[in-house]
Structure formats: C-alpha cells, structure tokens
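**Q** Each chain, written out:
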Amino acid sequence: MKRSNKPIFWSLFGAGGMLAALVGPMLIFLTGIAAPLGLVDMSYARTLALAQHGLGKLALFVVIGLFLFHGCHRLIHCLHDFGVPVGPGVKASFHGFAILGSAAAAVLLFAL
Amino acid sequence: MKAYQRPMAGWWHRNPFYLWYTLREASALFVTAYALVLLAGLARLRQGEAAFDAWREALASPASLGFHAVALLLVLYHAWTWFKVMPKTLPFLRIAGRRVPDRAIVVAGLASAVLFSTILFVMVKA
Amino acid sequence: MRTIAIECLRYDPETDAAPRRQAYEVPFTDDMSVLQGLQYIKDYLDGSLTFRWSCRMAICGSCGMMVNGVPALSCETFLRDFYPGPVRVEPLEHFPILRDLVIDQRDFLAKLQSVKPWLVPRQPAPGEKDGFLQTPRQMDEYYQYSQCINCLLCYAACPQYGLDSKFTGPAALALLHRYNADSRDAGKAERMEIVNAEDGVWGCTLVGYCSEVCPKGVDPARAVNQNKIESTKDYFFRFLKR
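Chains as they are written, first to last, in numbering that gives the first Met the number 0: chain V, 0 to 111; chain F, 0 to 125; chain B, 0 to 241.
Hints listed in this document are in silico derivations from the structure and should not be mistaken for laboratory results. Using N, Cα and C, we set each Cβ at its ideal position, and we do this for glycine too. Take the hints with a grain of salt, since some may be wrong.
[To be verified] Some chain V residues near chain B, calculated using beta-carbon distances under 7 Å: (1) 0; (2) 3; (3) 6; (4) 56; (5) 76; (6) 90.
[Stated by the list, open to error] Only pairs whose alpha carbons sit at most 30 Å apart, straight line, appear in this in silico DSS-like list of lysine-lysine: (7) V:1 to F:124; (8) F:83 to B:41; (9) B:128 to F:83; (10) B:165 to B:187; (11) V:56 to F:124; (12) B:187 to V:1.
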C-alpha cells in the first residue's frame, strides 16, 4: 500500500485548528464586530504599527496561513463527504490556494 | 447472487449526529473566509490610509457584520467540538500513575481558549 | 397483551430488483428484545424472514442491525423503548445486502486479516523464562480495544466507510492498535504500512459515531486517531531510523 502524504497537511490542519479554537472566536469578534462598531481601536495607525512590528508580522502570517491550511484541508473532506469526487487535481488546487494565500500574506507583511 | 448496495446520497442529514458533524465541518468555510478577510485588510493596509479606512467602513456594513456574526457562531462551535474531540487524538495520559480522564483534557482545552482569548482582548483593548 | 409494529426490510436476491418493506404486528412483553420480536415473526408469522443471531447476550456480535436508523445489537435493544412503534429494522448500513437483514461481511474479514490481529511476540526479558509478564498498567493500554466483538456496528456508523469501502475501517484499525499497544507484541513495524496508507488511518475524519454506537466501549475513534500521530511521527522521522 502506498504511503499517504496526508501527515504534512494534517499537521498544518491540526495547528490551524488548534489556533482557530484558541483565538479564532475572539479574533473574529474583535476585528469583525467590535472594531467596526467602534468598541476597539483598529485605526490605520495602530494596525500599521502592529504589521510593522516583528512579532506582529509573525502573528498575522501565522494566523492567516494556518487558518487557510486548516480551512482548505477540511473543505476538501467536505467535498468528499458530499459525494463530490476529489482527485489529486482538486486537492492540489485547495492546498495550492492555501499556499498562495500564505505567500501573499508573507509578501504583504514583508513590504509593510 | 445479486447483493444489493444502498446509495449514500443524503447520508449527512439522515441522523442528528451526522448533521452536527456536517455543521462542524462547514465551519471550515468561515475559517477560510475570515483568513481571506484578514488578507484583504493587509492588502488595504499596504495601499495606505485611505484604502484601509475604506475597508474598515466596509466592515461596518450590515452584510459584513452579519457574516462575522455567523462566522463567530460557527468558529465557536468549531472550538467546542475541537476540544471535545481532542482526547481521542492523544494517547492515554497519566499523572502520578492515575489515568487523566477525558473530561479533564476537554476542560483544560476550553480553559486555555478562554485564557488566550482574554489575553488577546486585554492586549487589544488597552 | 400489547402489540407493536415491526417493519423489516426484505430482499430476496432471486426475485427482487430492490429491497422492500414488510410490517408485522408482534405481541410483546416489556422484557422482549428486538431480536425476540424478529424470532416471533420467524416462528409464527413469516418463516422466510432471514437474520443472523446467536448468543442473545451481546457477546457474539452476530445480531447487528439498524433499528430506527441507528446501528444496534438487536438482542440488547428493547421493544418497550419504541412503543407504540413502528420499529424499523434494516440490515447494517454500508454493507451489501445478501438477503433480508443479512449483509456481506467478507470485506471486513479481509480487512481484519490484513492488520495481522495476533501477537507477534517480542523477545522475552531475562525474568520471563516461563512466559511474558505484564503489569495491570500495561494491560490498561490495550484492554478496551481487546473488547471488540466484531459486530460491525462501527462500520455501519462510519460514513467514510460508506462513501469508500476501501477504508480499512474502525474495528480493523482498533484491533490493529490493540496489538501495537500490547507490551508483549513486536509487530508494530509490520502493521505500519496499513496505518500509513490513504485508506488506513487517513481515511478517517473523526466523525466519532463509531465510538458512540460501539456496544463494548472499544472507542475505535480513539484507536484510529491516536495512530494519526503515530503515522505522522513515522512520516517525518523515518529517515532518522536508519
């Protein structure tokens, strides 16, 4: 039987899932509800300062990257669960999407 | 002999257990979408103050608030199910020779989430 | 005496194109199991109804069926809990139906054999001239997995097995783990090929329903998912083993 390459993607899925479980809800609340309603300060100046700080860059990269890998891995399984055939092409597209998104985040953070 | 194979179509809504599982899996859609929202925000940040402020205004729209409200609920459900299931991914843990019950692992996970979320909130609010 | 309607899935491979339902009115007492209801049907109402059973005390694993859509052992599922009914009895989900309530188990039997469900004995230690020694804690590591009665309720519960029957499945993987976790066993390396395969532990998405329905507390979901970590360790550290 051929050895599966799942361990790579499962590890990323697991890390992303753990991160999303620990801070996902709070992040969504802060950036998507509290900040737009004026309850917390997410001004350009403050956010730029975060994105320019070394640890801030790392945090943003890790959150965006791991959330993408977690989500894409699970979505592949969702498709399979709903009876949609999932071949290597589909898997590559989803994982590729996560890689592209992570790369985009890295490029943006590097430039800021 | 002609054995009969039953179709799988619609399996996910035939049993409440499967429905909750499907909801858990569907949370991934919102985790992905939220990551893309953050990525969009980063791109706007790069473009300068005017662009970033426009993105923040979009976040205040009813559609965006609605999306984030739903995302919050589903990612909370993800967190809940994640810690409920965590003991199954770990080998039997022992402290001073006694088995650590699964419930303790779940509680520890949930408590960590509350702790980290609180720290994050305090850091942002300050 | 009260009666309850038991609706059975019927299928005769020689005459039916597809399964059909047949309802029977069965007199019952509070102590009667679904199995006893089926036996009443066979003895007094319809001798052609075909189903597997043996011990009638939840240890042989023969009488697994879907009762109102839930995998259950018919010998320890009671008619009184479904009154006034009807009680829908169908063969275990995800398996091909051979006839009426009887399914084709051969795929599982092949999977079971493939995991080498026997002790591959390790080298005895100096103090073990008269046989292996095992502490209660060592037995605790694998005991629950050894309780499997091969009833296949977990396969009926597992949608991944239903979607792709190439998946090794809960019970086979739980038994694989039972031997890997036994301190007397040295066969882990031989079993890793199954563990590491796409249809090994990686076919599982931790739905967890298998552990819910298991009548023996085996917790196959745990056995499978613990081995995802083992498989990951094996994947990344295999080059260090040389």
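**Q** Holds or violated: are the alpha carbons of residue 187 of chain B and residue 1 of chain V at most 30 Å from each other?
**A** holds (17 Å)
**Q** A closest beta-carbon separation below 7 Å is what the hint needs, so does residue 3 of chain V meet it against chain B?
**A** With a closest approach of 4 Å, the residue 3 of chain V hint holds.
**Q** Need the status of pair residue 56 of chain V, residue 124 of chain F: alpha-carbon distance at most 30 Å?
**A** holds (19 Å)
**Q** Is it true that the CA of residue 1 of chain V sits at most 30 Å from the CA of residue 124 of chain F?
**A** violated (51 Å)
**Q** Taking 7 Å as the limit, does the beta-carbon of residue 76 of chain V come near enough to a beta-carbon in chain B?
**A** holds (5 Å)
**Q** Does the interface hint hold: is residue 56 of chain V within less than 7 Å of chain B, judged Cβ to Cβ?
**A** violated (27 Å)
**Q** Taking the least C-beta to C-beta distance, is residue 6 of chain V closer than 7 Å to chain B?
**A** holds (4 Å)
**Q** Going by Cβ atoms only, is residue 0 of chain V closer than 7 Å to chain B?
**A** Nearest chain B Cβ about 4 Å off; hint holds.
**Q** Would the hint linking residue 83 of chain F and residue 41 of chain B be met if the CA-CA limit is 30 Å?
**A** Cα-Cα ~44 Å, so violated.
**Q** Holds or violated: are the alpha carbons of residue 165 of chain B and residue 187 of chain B at most 30 Å from each other?
**A** Distance ~22 Å between residue 165 of chain B and residue 187 of chain B Cα, so the pair holds.
**Q** Verify the proposed pairing of residue 128 of chain B with residue 83 of chain F, using a straight-line Cα cut of 30 Å.
**A** Violated. Residue 128 of chain B to residue 83 of chain F sits at ~45 Å, over the 30 Å cutoff.
**Q** Any CB of chain B closer than 7 Å to the CB of residue 90 of chain V?
**A** violated (11 Å)
In terms of the numbered hints stated before, the structure departs from hints 4, 6, 7, 8 and 9, listed from lowest to highest.
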